[in-house]
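**Q** Sequence:
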Amino acid sequence: MSCSEKTTVDPLLRDLDEKKESFRRNVVSLAAELKQVRGRLVSQEQSFLKETITRKEAEKRGKNMEMEMCKLQKRLEERNCQLEASASAADKFIKELEEFRSKLDATKQTAEASADSAQSTHIQCSMLKKQLDDKTRSLREHEDRVTQLGHQLDDLQRGLSLRECSEKQLREEVKRIEREITESISKAGIGGMDCELQKLLEDVSPMKFEKMNRLVEVKDEEITKLKDEIRLMSGHWKHKTKELESQLEKQRRTDQDLKKKVLKLEFCLQEARSQTRKLQRKGERRDMEIKEIRDLISEKQQLNNESWDKQKFWDNSGFKIVVSMSMLMLVVVSKR
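Residue numbering for the sequence shown follows this note's numbering, starting at 3 and increasing by one per position.
These are calculated hints, taken from the structure and not from any lab test.
Just so it is clear, CB atoms sit at the ideal spot from N, CA and C, and this is done for glycine as well.
Any given hint could turn out to be false.
To be verified - Result set (DSS-like, lysine-lysine): computed pairs, CA atoms no more than 30 Å apart in a straight line:
1. K293 <-> K280
2. K132 <-> K262
3. K97 <-> K110
4. K65 <-> K52
5. K261 <-> K280
6. K105 <-> K280
7. K244 <-> K131
8. K227 <-> K170
9. K262 <-> K137
10. K284 <-> K302
11. K131 <-> K266
12. K266 <-> K110
13. K177 <-> K221
14. K76 <-> K62
15. K261 <-> K110
16. K266 <-> K137
17. K280 <-> K266
18. K105 <-> K94
19. K302 <-> K94
20. K76 <-> K58
21. K132 <-> K242
22. K58 <-> K73
23. K252 <-> K262
24. K22 <-> K37
25. K137 <-> K240
26. K131 <-> K242
27. K110 <-> K280
28. K284 <-> K105
29. K94 <-> K110
30. K240 <-> K131
31. K244 <-> K221
32. K284 <-> K94
33. K131 <-> K262
34. K105 <-> K262
35. K261 <-> K97
36. K229 <-> K242
37. K263 <-> K132
As the list claims (entries may be wrong) - Label pairs and their computed distance ranges (CB to CB):
38. S104 <-> E143: 52 to 62 Å
39. S188 <-> L151: 46 to 56 Å
40. I292 <-> K58: 49 to 59 Å
Using the sequences and the hints, build the whole thing.
**A** Here it is as structure tokens:
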């Protein structure tokens with residue numbers, strides 16, 4: 003019993019030992035595999051944590067990018083509004099500049115016309131001054147002639163008065179001589195001779211008086227003729243002097259009017275020049291402002307283009323890498 007049992011038990015024990023050893027081997031191999039799996043699991047968990055962290059960071063970056071996109075969109079809209087306002091302001095400035103240029107052209111034309119009219123009036127003034135000088139010269143010549151005729155008239159009147167005085171003196175002398183002769187004859191007591199002398203005196207004295215009267219009458223006639231001529235000449239020259247004086251006054255008035263017109267035209271020309279200078283300055287200022295506005299518009303357009311390029315972040319390589327990593331992480335998570 004004991005031997006047969008030993009013979010039957012030994013193979014069973016051997017099988018059991020073999021099974022134990024194989025089980026131990028399997029357990030050792032399973033433990034090693036478990037360790038390997040645990041290491042892999044730990045590494046996978048670490049990689050998963052890293053992937054989750056990177057995914058969260060990518061999500062945060064995406065949210066931040068979305069916020070930045072919204073902000074950039076708002077800024078873009080604001081800048082578009084500013085650009086539209088600046089463009090409308092630039093159009094207004096351009097229209098005002100065109101209006102100022104048209105006004106400047108009109109003022110230039112008026113200034114040129116006023117300058118031409120001032121030049122023509124200046125020429126007319128010079129011509130009128132020449133005419134006035136000629137008329138003043140002729141008037142002075144006429145005045146000199148009138149003064150000469152007046153002096154001649156005074157000389158004739160003086161000669162006439164002297165002749166009248168000499169005639170009176172001669173008559174008084176003749177009467178005195180006759181008286182003396184008659185007195186001497188009466189004192190001498192000569193009868194026949196007295197009669198003859200009285201006859202001679204009566205014959206001689208009337209002859210002399212007649213001759214002298216005739217001469218005086220002739221001289222009186224000449225003097226009256228000269229007086230009439232002088233009166234006519236004086237009246238004629240007075241009339242001419244009055245006409246010349248009236249013409250001179252008219253010329254002076256016209257000269258004063260022309261001077262006033264010239265002064266007004268010069269004042270208008272100065273105002274036109276000052277207005278043209280002001281308009282030129284305003285035009286230059288508007289040109290500078292328009293240039294500044296255009297520069298600002300170009301700068302804003304460049305900034306908008308750059309911001310728009312920045313807004314297209316999905317075309318960047320970094321964003322593509324982040325998206326690819328997130329897709330891989332999602333695939334791994336979905337497989338697990």
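**Q** Would the hint linking K76 and K58 be met if the CA-CA limit is 30 Å?
**A** Roughly 27 Å between the alpha carbons, so the hint for K76 and K58 holds.
**Q** Need the status of pair K252, K262: alpha-carbon distance at most 30 Å?
**A** Holds, because 15 Å separates the two Cα atoms, which is no more than 30 Å.
**Q** Measure nothing beyond the straight line between the CA atoms of K65 and K52; if it is 30 Å or shorter, mark the hint as holding.
**A** Holds, because 19 Å separates the two Cα atoms, which is no more than 30 Å.
**Q** Given the hinted pair K97 and K110, is their alpha-carbon gap at most 30 Å?
**A** The given pair, whose Cα atoms are some 20 Å apart, holds under the 30 Å limit.
**Q** Given the hint that K284 pairs with K105, does the C-alpha gap stay at or below 30 Å?
**A** The hint holds at about 12 Å.
**Q** Is the Cα-Cα distance between K227 and K170 30 Å or less?
**A** 22 Å, holds
**Q** Is K131 close enough to K262, meaning Cα to Cα at most 30 Å?
**A** 15 Å, holds
**Q** Hint check: K132 vs K242, CA-CA at most 30 Å. Holds or violated?
**A** Given pair K132, K242 holds - Cα atoms ~20 Å apart, limit 30 Å.
**Q** Holds or violated: K131 and K266, Cα atoms, limit 30 Å.
**A** 19 Å, holds
**Q** Tell me if the straight-line CA distance from K263 to K132 falls inside 30 Å.
**A** Given that 30 Å is the threshold and the Cα spacing comes to 19 Å, the pair holds.
**Q** Mind checking the alpha carbons of K132 and K262 for me, to see if they're no more than 30 Å apart?
**A** Roughly 19 Å separates the two Cα atoms, so the pair holds.
**Q** Does the structure keep K105 and K262 at a Cα separation of 30 Å or less?
**A** 27 Å, holds
When the structure is compared with the earlier hints, violations turn up for hints 31, 35 and for no others.
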